[in-house]
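**Q** Each chain, written out:
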Amino acid sequence: MTTAELLNGIEFDKDGYMVDAGAWTPEIAEALAAEEGITLTDRHWVVINFARQEYAANGDAPTIRRITKRTDVSTKELYQLFPDGPAKQAARIAGLPKPTGCI
Amino acid sequence: MTATATAEQNHDVKAKKQKRKLCIIASKGSLDMAYPPLILANAARMSGIEVHIFFTFWGLDIINKKKIDHLRMTPVGNPSMPMPQLLGVLPGMAALSTAMMQKQIEKLDFPPVSEFIEILMDSGAHIYACKMAMDMMGLTQEDVVDGAEVLGAMEFLEIAEDAQILFV
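In order, the protein sequence lines correspond to chains A and B.
Quick note: the first sequence uses the numbering used here, first residue 3, plus one each step.
Quick note: the second sequence uses the numbering used here, first residue 63, plus one each step.
No lab work stands behind these hints: they were computed from the structure.
Here the structure is a predicted model, which is why all the values come from computation and not from measurement.
Cβ coordinates follow ideal geometry from the N, Cα and C atoms, glycine included.
Certain hints may be false.
As the list claims (entries may be wrong) - Partner residues are not named here, just some residues of chain A that face chain B (Cβ under 8 Å, in silico):
#1 G24
#2 T27
#3 R72
#4 V75
#5 K78
#6 Y81
#7 D86
#8 G87
#9 A89
#10 K90
#11 C104
#12 I105
Please model the complete structure; the sequences and the hints are all you need to start from.
**A** Here's what the structure looks like:
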């Protein structure tokens, strides 16, 4: 299945976030990352897995501050991993709704 | 939320957002007025918006090494404070409201100002110290946080030419 085919079957909201976080798979993450111009590495996965775990527990994508406090990813690295806005990009690739936290 | 969009439309939304650039002028140095520009700048960086903050006049205190961890707030002249204005002038009231706000900041898990500035620097936000305000207060590059660039108002306006500008 090509990337386009994979994403075609998925429903997104108007901002490009997946409507159903449950429909997410790691392959979809790879495809969404490619759309953002990102090739996922182990370090990206640390953030993505943490974000999904937090969402499952709290019903909201984690804030940047929470990610940097609870994982070994620093603010600087986080911005290197997701250069076009870590809060939005990480949540989108993780198949989560747009984060609501302020910091 | 029932709206759906194709991958192509998503791309358009993204391209439009990436072009955004925000310039913030921070002119106030009290504890309560230090946070709004910092929070907005951080939210912008988290969303992938380019950010430049120009600290001028009392706003310089926010990046002044000696003052950064000692910003205070005063209940006097602040109509939002939940106390009669006359009480605000009593000795100890400024310290009390400062302590109250610091507690609130901690409760919300907002970083202290110095840590916030570090986070912003790490996030790639550009931080400038107003040259004229520094001269006025007798400050040099040594007095402001590392990584802050001393800049004149005209130069800042050049940077802000294609940006949205916010004055705090």
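**Q** Give a verdict on every hint.
**A** Checked hints:
{"no.": "1", "hint": "G24", "verdict": "15 Å, violated"}
{"no.": "2", "hint": "T27", "verdict": "17 Å, violated"}
{"no.": "3", "hint": "R72", "verdict": "12 Å, violated"}
{"no.": "4", "hint": "V75", "verdict": "11 Å, violated"}
{"no.": "5", "hint": "K78", "verdict": "4 Å, holds"}
{"no.": "6", "hint": "Y81", "verdict": "5 Å, holds"}
{"no.": "7", "hint": "D86", "verdict": "4 Å, holds"}
{"no.": "8", "hint": "G87", "verdict": "3 Å, holds"}
{"no.": "9", "hint": "A89", "verdict": "4 Å, holds"}
{"no.": "10", "hint": "K90", "verdict": "6 Å, holds"}
{"no.": "11", "hint": "C104", "verdict": "6 Å, holds"}
{"no.": "12", "hint": "I105", "verdict": "6 Å, holds"}
Checked against the numbered hints listed earlier, the structure breaks hints 1, 2, 3, 4; every other hint is satisfied.
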